[in-house]
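Novice: Each chain is listed here by its residues.
Protein chains: 2
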Amino acid sequence: MRKTKVSNAVIRRMPRYYRHLTELQTAGVARISSNALGKAMGFTASQIRQDLSCFGEFGQRGYGYSVEKLRDEVADILGMNEGHTAVIFGVGNLGRALIGNFNFGKNGVRLLAAFDVDPRIVGTELAGVPILHPDSARAFLTENHVDIGVITVPKGNARDVGRLLVDCGVRGIWNFANVELDLDTSGNTVVENVHFADSLLALSYMISEE
Amino acid sequence: MRKTKVSNAVIRRMPRYYRHLTELQTAGVARISSNALGKAMGFTASQIRQDLSCFGEFGQRGYGYSVEKLRDEVADILGMNEGHTAVIFGVGNLGRALIGNFNFGKNGVRLLAAFDVDPRIVGTELAGVPILHPDSARAFLTENHVDIGVITVPKGNARDVGRLLVDCGVRGIWNFANVELDLDTSGNTVVENVHFADSLLALSYMISEE
Numbered sequence: 067m068r069k070t071k072v073s074n075a076v077i078r079r080m081p082r083y084y085r086h087l088t089e090l091q092t093a094g095v096a097r098i099s100s101n102a103l104g105k106a107m108g109f110t111a112s113q114i115r116q117d118l119s120c121f122g123e124f125g126q127r128g129y130g131y132s133v134e135k136l137r138d139e140v141a142d143i144l145g146m147n148e149g150h151t152a153v154i155f156g157v158g159n160l161g162r163a164l165i166g167n168f169n170f171g172k173n174g175v176r177l178l179a180a181f182d183v184d185p186r187i188v189g190t191e192l193a194g195v196p197i198l199h200p201d202s203a204r205a206f207l208t209e210n211h212v213d214i215g216v217i218t219v220p221k222g223n224a225r226d227v228g229r230l231l232v233d234c235g236v237r238g239i240w241n242f243a244n245v246e247l248d249l250d251t252s253g254n255t256v257v258e259n260v261h262f263a264d265s266l267l268a269l270s271y272m273i274s275e276e
Numbered sequence: 067m068r069k070t071k072v073s074n075a076v077i078r079r080m081p082r083y084y085r086h087l088t089e090l091q092t093a094g095v096a097r098i099s100s101n102a103l104g105k106a107m108g109f110t111a112s113q114i115r116q117d118l119s120c121f122g123e124f125g126q127r128g129y130g131y132s133v134e135k136l137r138d139e140v141a142d143i144l145g146m147n148e149g150h151t152a153v154i155f156g157v158g159n160l161g162r163a164l165i166g167n168f169n170f171g172k173n174g175v176r177l178l179a180a181f182d183v184d185p186r187i188v189g190t191e192l193a194g195v196p197i198l199h200p201d202s203a204r205a206f207l208t209e210n211h212v213d214i215g216v217i218t219v220p221k222g223n224a225r226d227v228g229r230l231l232v233d234c235g236v237r238g239i240w241n242f243a244n245v246e247l248d249l250d251t252s253g254n255t256v257v258e259n260v261h262f263a264d265s266l267l268a269l270s271y272m273i274s275e276e
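If you read the sequences in order, they're chains U and Z. The opening residue of the first sequence carries number 67 in this note's numbering; numbering runs sequentially from there. The opening residue of the second sequence carries number 67 in this note's numbering; numbering runs sequentially from there.
Isolated chain U, as found in the complex (with noise of 0.2 angstroms):
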């Protein structure tokens, strides 16, 4: 599976496949046009089949794709095989938000321990996940083979955290914080980051007047 010359934007668009995919499969569809599905996500049939020649060879000419085998073709694109772990910074709101209502599992990530100051909740765990003091990070990072690290701290600490987890050659890192991290990362880890203001603001151009 040559991953090269994929773009941002088939990226982008693979975990919708995958969602999208999920779906038909609980609904009980067993197998489904490139059409169909084009016109199910929103894309033609030819961008579909662009976007997953990017990867391979899936379906057949006549029959279309198999929803089951796609599916797992496309998690095992995502690297959802692949075991990855995660730890988290920050149990406020948004931290208490994604440890319980936020099924980590469901997308191949194990979500081992999360980091928070607040003396009233180190040492206890949510939703299955201990809670250590951030004192302890760096050797539960050195001790653990981590390969994700969700920052959902305060904007004013995200950069040390962040600065913490590329010295601890932690691969990527999914930033809540809504600020830029600023890392000397030499390519080494990919920093996702979430800015809820760009999605309220599409909606709120969509619904503008004219």
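There could be a bad hint or two in this list.
[What the hints assert, rightly or not] With beta-carbon atoms standing in for the labels, derived distance ranges: (1) Z/Arg97 / U/Lys135: 51 to 57 angstroms; (2) U/Ser132 / Z/Val72: 34 to 40 angstroms; (3) U/Lys135 / Z/Lys135: 50 to 56 angstroms; (4) U/Asp201 / Z/Gly235: 48 to 54 angstroms; (5) U/Asn223 / Z/Ala102: 28 to 34 angstroms; (6) U/Gly222 / Z/Ser73: 23 to 29 angstroms; (7) U/Gly253 / Z/Arg229: 43 to 49 angstroms; (8) Z/Pro196 / U/Ala96: 48 to 54 angstroms; (9) Z/Glu89 / U/Lys71: 29 to 35 angstroms; (10) Z/Ser112 / U/Asn254: 27 to 33 angstroms; (11) U/Val72 / Z/Val72: 48 to 54 angstroms; (12) Z/Ala102 / U/Asp226: 25 to 31 angstroms; (13) Z/His261 / U/Thr110: 18 to 24 angstroms; (14) U/Gly122 / Z/Tyr129: 46 to 52 angstroms.
What the hints contain is simulated information worked out from the structure, not anything from laboratory work. All C-beta atoms, glycine included, are put in the ideal place defined by N, C-alpha and C.
For chain U, the structure is supplied; the task is to place chain Z on it using the hints.
Specialist: Positioned in the frame of chain U, the structure of chain Z alone reads:
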């Protein structure tokens, strides 16, 4: 300002322009070339000129863009000056995170009220936002002009909230419930779904073995 032929991809990039121009302004940058703006955002200069040309003429050949002016124009395009109002359904962890930590006002949106069934919080305020019982939601939506409904209730309740919002003529739905709302909106209501998993899976892809 015509919007008829603006593609979804361009719409999605506009909030990012706004974000970067805000950063430039904060950093004291008065003007910028499309080349430099492109470099900062990871686009080509011609992409930027093409995107902005959807909305009119900005910048001057040989001078570039006035950061402040372009930022104001983009804000206007995004509907940030239309005085949009919003209510939020669900004051759990995610609802609290949005009410307490997400700056609606900075995005031109005034959060009028929050709705939750929890008797311990109904009648109180959170960050200045009154928390009301959902039983009063229909009356509230009828008596107040509300542009956006934010959904942070559990999955199982999301569709009921969505239907109520459509019923009451709310034009935009910002849906965090991670479930398709399947609304009969007749094209009048726009739903913006936030899928955290899409973002995590894109990151998972990027850190996976080739």
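Novice: Hint by hint, where does the structure go against what was stated? Just the numbers, ascending.
Specialist: 6 and 11
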